[in-house]
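Trainee: The whole structure should be built from the sequences, with the hints applied where relevant.
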Amino acid sequence: MSTNLIDVPDVGAAGVNPMVPRPYAVHKVRQETSDTFTLELAPEDGGPAMTFAPGQFNMIYAFGVGEVPISISGDPAKPATLVHTTREVGIVTRAMRNLKPTHWLGVRGPYGSGWPLTEARGADVVIVAGGIGLAPLRPALYQLVAARKYYGRVVLLYGTRTPADILFRRELQQWHSRFDLEIHVTVDRAIGSWRGNVGVVTSLIPRAPFDPHSTLAMVCGPEIMMRFTVQELEKRGVAMPNIYLSMERNMKCAVGFCGHCQFGPTFICKDGPIFRYDRVQPLLAVREI
Amino acid sequence: MAQIVNCGDQLTVGRESLQALFDALARRGYTILGPTLREGAIVYDELASAADLPAGWTDHQDGGRYRLEKRGDEAVFGYNVGPHSWKKFLHLPTVRLWQADRTDHTFKVKTDEPETPQLAFIGVRACELKAIAIQDKVLLGGPYSDPLYRSRRARTFIVAVNCGQAGGTCFCVSMNTGPKADAGYDIALTEVLKNGRHYFTAEAGTDLGAEVLSELPCEPASEEEKSAAEAAVAHAAEQMGRQMDTTDIKALLYRNYEHPRWDQVASRCLTCANCTMVCPTCFCTSVEDVTDLSGEHAERWRKWDSCFTTDFSYIHGGSVRSTPRARYRQWMTHKLATWIDQFGSSGCVGCGRCITWCPVGIDITEEVRAIRETEVAPPTGEDGHGGS
Amino acid sequence: MEDLKNILTTHPFFAGLKPEHLQLVVGCASNVRFDAGKFIFREGEEANEFYLLRHGKVGLEVYAPERGPITIQTLGEGEILGWSWLVPPYRWKFDARVIELTRAIALDGKCLRDKLESDYQLGYELLKRFSQVMVERLQTARFQLLNVYESH
Chain A
1 MSTNLIDVPD VGAAGVNPMV PRPYAVHKVR QETSDTFTLE LAPEDGGPAM TFAPGQFNMI
61 YAFGVGEVPI SISGDPAKPA TLVHTTREVG IVTRAMRNLK PTHWLGVRGP YGSGWPLTEA
121 RGADVVIVAG GIGLAPLRPA LYQLVAARKY YGRVVLLYGT RTPADILFRR ELQQWHSRFD
181 LEIHVTVDRA IGSWRGNVGV VTSLIPRAPF DPHSTLAMVC GPEIMMRFTV QELEKRGVAM
241 PNIYLSMERN MKCAVGFCGH CQFGPTFICK DGPIFRYDRV QPLLAVREI
Chain B
1 MAQIVNCGDQ LTVGRESLQA LFDALARRGY TILGPTLREG AIVYDELASA ADLPAGWTDH
61 QDGGRYRLEK RGDEAVFGYN VGPHSWKKFL HLPTVRLWQA DRTDHTFKVK TDEPETPQLA
121 FIGVRACELK AIAIQDKVLL GGPYSDPLYR SRRARTFIVA VNCGQAGGTC FCVSMNTGPK
181 ADAGYDIALT EVLKNGRHYF TAEAGTDLGA EVLSELPCEP ASEEEKSAAE AAVAHAAEQM
241 GRQMDTTDIK ALLYRNYEHP RWDQVASRCL TCANCTMVCP TCFCTSVEDV TDLSGEHAER
301 WRKWDSCFTT DFSYIHGGSV RSTPRARYRQ WMTHKLATWI DQFGSSGCVG CGRCITWCPV
361 GIDITEEVRA IRETEVAPPT GEDGHGGS
Chain C
1 MEDLKNILTT HPFFAGLKPE HLQLVVGCAS NVRFDAGKFI FREGEEANEF YLLRHGKVGL
61 EVYAPERGPI TIQTLGEGEI LGWSWLVPPY RWKFDARVIE LTRAIALDGK CLRDKLESDY
121 QLGYELLKRF SQVMVERLQT ARFQLLNVYE SH
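Residue numbers (my numbering), protein chains in the order written: chain A, 1 to 289; chain B, 1 to 388; chain C, 1 to 152.
Derived by calculation from the structure, the hints in this document are not laboratory data. Hints are not guaranteed to be accurate.
[What the hints assert, rightly or not] Listed next, the in silico DSBU-like pairs over lysine-lysine satisfying Cα-Cα at most 35 Å (straight line):
(1) A/Lys-28 to B/Lys-70
(2) A/Lys-78 to B/Lys-108
(3) A/Lys-235 to C/Lys-57
[Stated by the list, open to error] Selected chain B positions facing chain A (in silico; Cβ < 8 Å):
(4) Leu-97
(5) Gly-205
(6) Glu-238
(7) Cys-284
(8) Ser-286
(9) Val-287
(10) His-316
(11) Asp-341
[As the list claims (entries may be wrong)] Here are the simulated distance ranges between beta carbons:
(12) B/Leu-293 to A/Glu-223: 37 to 45 Å
(13) A/Arg-30 to B/Asp-45: 52 to 60 Å
(14) A/Pro-101 to B/Ala-48: 53 to 61 Å
(15) B/Ser-294 to A/Arg-30: 29 to 37 Å
(16) B/Asp-292 to C/Glu-150: 34 to 42 Å
Here the structure is a predicted model, which means the values were calculated and not measured. Glycine included, C-beta positions come from ideal geometry on N, C-alpha and C.
Mentor: Structure below.
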């Protein structure tokens, strides 16, 4: 035997350190709602633009402050600009919100599993998004629209707190005006001039136009919302293996080493964040797992 | 006298020749690490010579208890494992991943050249070999590879020692990880004190090990010497202080997430994280981004972390595992069950450190037994919870 | 009348009712239409009818002087509007304002209430159906209370 390492391929020279971020320049910081903003970035090291699958995320580093996982929310067909949308929830995201064009961020990624857009071909697609959950689903919508002919009916059900919290309004309106997409938006409560739906996003499911027996559902939002949504989808006859969720947990490395993102036997960073519902259903039922 | 040595040859090396092993390794530029006595425990540290080994000492271990005692003989490896494991040398407790300096609005990242010391480990037990292999799987065998671990691991020379006695908290036999080392070493030694003689039987596991052995005064082992060595190891196998029934343990723990035993152990567990610090396979780390006062220089550090801390599972709003019950359950279920789905083997090697170093003596083998014996309505055949 | 009977007979809400009960219900029904912006009922008024919405959108509102009207739920095609007619004190708790032109079938709750007191079977059948509506509204309201989209 030439080495005392067992079961592992013989190691050669040390490779790239997966914990080193790549510098990206901020091109735009857009405030979307009172607590949510979008970053548009481009690589500044002369290297290639990042290609990614809808549903994947990056680890974004604010110099000297910290690093957080943020889903990619841009169009995969336009990789020259890397787009992330996030809520401001702590010191790192607050530092990011205060950046200006030409400031730099560090980016590592893309990581994780993507939405099952290939598996969905030939079927109806129902997208159920809650709050910031629309951000990791937007890339899937871009791709569905770009390859529209491969899918049956495409329906977006989007719920958020109030009309002021609606993300990507202009795009939603553009999609709404197409004849081959169904966009239904609802808010938990509304004041003043809102003439749209008021009520929980799950209430949009019973009457949404899709064939439950030939549908792939993609769900993203707060965990409570996802659990209730899955119940409604199942009530309508969508089978568990045809429902996909995006899960979230604490992440420090995103490459399967730090152990923080474990969810039962899965690592959200490499086995997720997108999971087929039947595979995680028993885990969702266990508190504090 | 020098010999041509091949892998698998069984040789005998006299006790007095142990220093020659140190010399052969030093000549090759190895830093030698091994057991030594310090502050009332046998720890792993740099050894200047074979004289630094804790000859003539043994340990008494039990739940929450570790004491050293002088032996009646001068056995060099007559004890079991202490609070340290070899992971402190391979998966460094604290390490700087990179540093960066800011100029205007940009920054430049600089990685340190990984220091690639040549380390020789003397006295690695069978359970520890398995633990090293388990960490190899975690840190090198996945889609990403840890270059820091890899550069240190690639240059490590391992001298394993087959245990001649078992400790009070040992259960390697239950975990099928010992007491005999079967793979993963460059040289394996078995210490024999018999009929006034004190020697080691030695076997090379790699070409490099064979090369080193050939520089020591050694003879082919006689039948009597071989069987004395085997008897010593068999003796250890019979003495195991603890036992764990691992039958279907993954399914057992997957279907018992709500077992009341978790509340019981939570009433004792201090979430002090000792078990994760001493466990040779625990690998969790945290990443810390720091900056100097000027804000112009930043560094990213990686340090050992523990799933027992409240922050470990923090996401905006709170911690997912806020109760000690959830955290103990996470550690034990990961170690014995989900690890199997993640990495293809148990995460536990039966070294017993978590039992010895738990301040309240929580015993993982007892917890498994309690769950198994008191679970309500075990199912007929089918696997319980859990993904794959 | 024939048209109304057809609609009510085939509507899922009334599915399973015995023919004589259905006849009773039809007897209490009429077609109605509300323009956008009009109130169907106001908070505090006597609740003497309920509506099967056929087309359009209605918002349930509560008015707070410092905040203006707050919409807590919208109802649309196929949904039932109003259960306060069935439960004492028979008064509306919210305003119902039409958001989009709405056509509905109005059912005379006062008339039905009298019939329910003498025909317990019909009473049970209607209560069974309305309790379903109430449960769904309650679950929805509870979910809204959770404020899941908030930062915590």
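Trainee: Run every hint past the structure and note whether it holds.
Mentor: Quick rundown of the hints versus the structure:
1. Proposed proximity of A/Lys-28 and B/Lys-70 is contradicted: the alpha carbons are some 70 Å apart, above 35 Å.
2. Distance hint between A/Lys-78 and B/Lys-108 is fulfilled; the C-alpha atoms sit about 27 Å from each other, no more than 35 Å.
3. For the proposed pair A/Lys-235 and C/Lys-57, the alpha carbon gap of about 24 Å is at most 35 Å, so the pair holds.
4. Because the closest C-beta pair between B/Leu-97 and chain A is about 5 Å apart, less than 8 Å, the hint holds.
5. Using the Cβ-Cβ criterion of 8 Å, the hint placing B/Gly-205 at the interface with chain A is satisfied: the shortest such distance is roughly 6 Å.
6. Residue-level restraint check for B/Glu-238 is violated (minimum Cβ-Cβ distance to chain A is 27 Å; threshold 8 Å).
7. Against a cut-off of 8 Å between C-beta atoms, the interface hint on B/Cys-284 holds, since the closest Cβ of chain A lies about 3 Å away.
8. A cut of 8 Å between beta carbons decides the hint on B/Ser-286: the least distance to chain A is about 6 Å, and the hint holds.
9. Hint on B/Val-287 holds. Least Cβ distance to chain A is approximately 5 Å, under the 8 Å limit.
10. With its C-beta approaching chain A no nearer than about 4 Å, B/His-316 sits inside the 8 Å limit, and its interface hint holds.
11. About 4 Å separates the beta-carbon of B/Asp-341 from the nearest beta-carbon of chain A, less than 8 Å, and the hint is met.
12. Remark: the range hint 37 to 45 Å for B/Leu-293 to A/Glu-223 is upheld by a beta-carbon distance near 40 Å.
13. Separation of A/Arg-30 from B/Asp-45 is about 56 Å and conforms to the stated range, judged on CB atoms against 52 to 60 Å.
14. Judged by the Cβ atoms, the range 53 to 61 Å given for A/Pro-101 and B/Ala-48 holds: they are separated by roughly 59 Å.
15. Between B/Ser-294 and A/Arg-30 the CB atoms are about 31 Å apart, so this pair conforms to the stated range of 29 to 37 Å.
16. Take B/Asp-292 and C/Glu-150: their Cβ atoms lie about 37 Å apart, and the range 34 to 42 Å holds.
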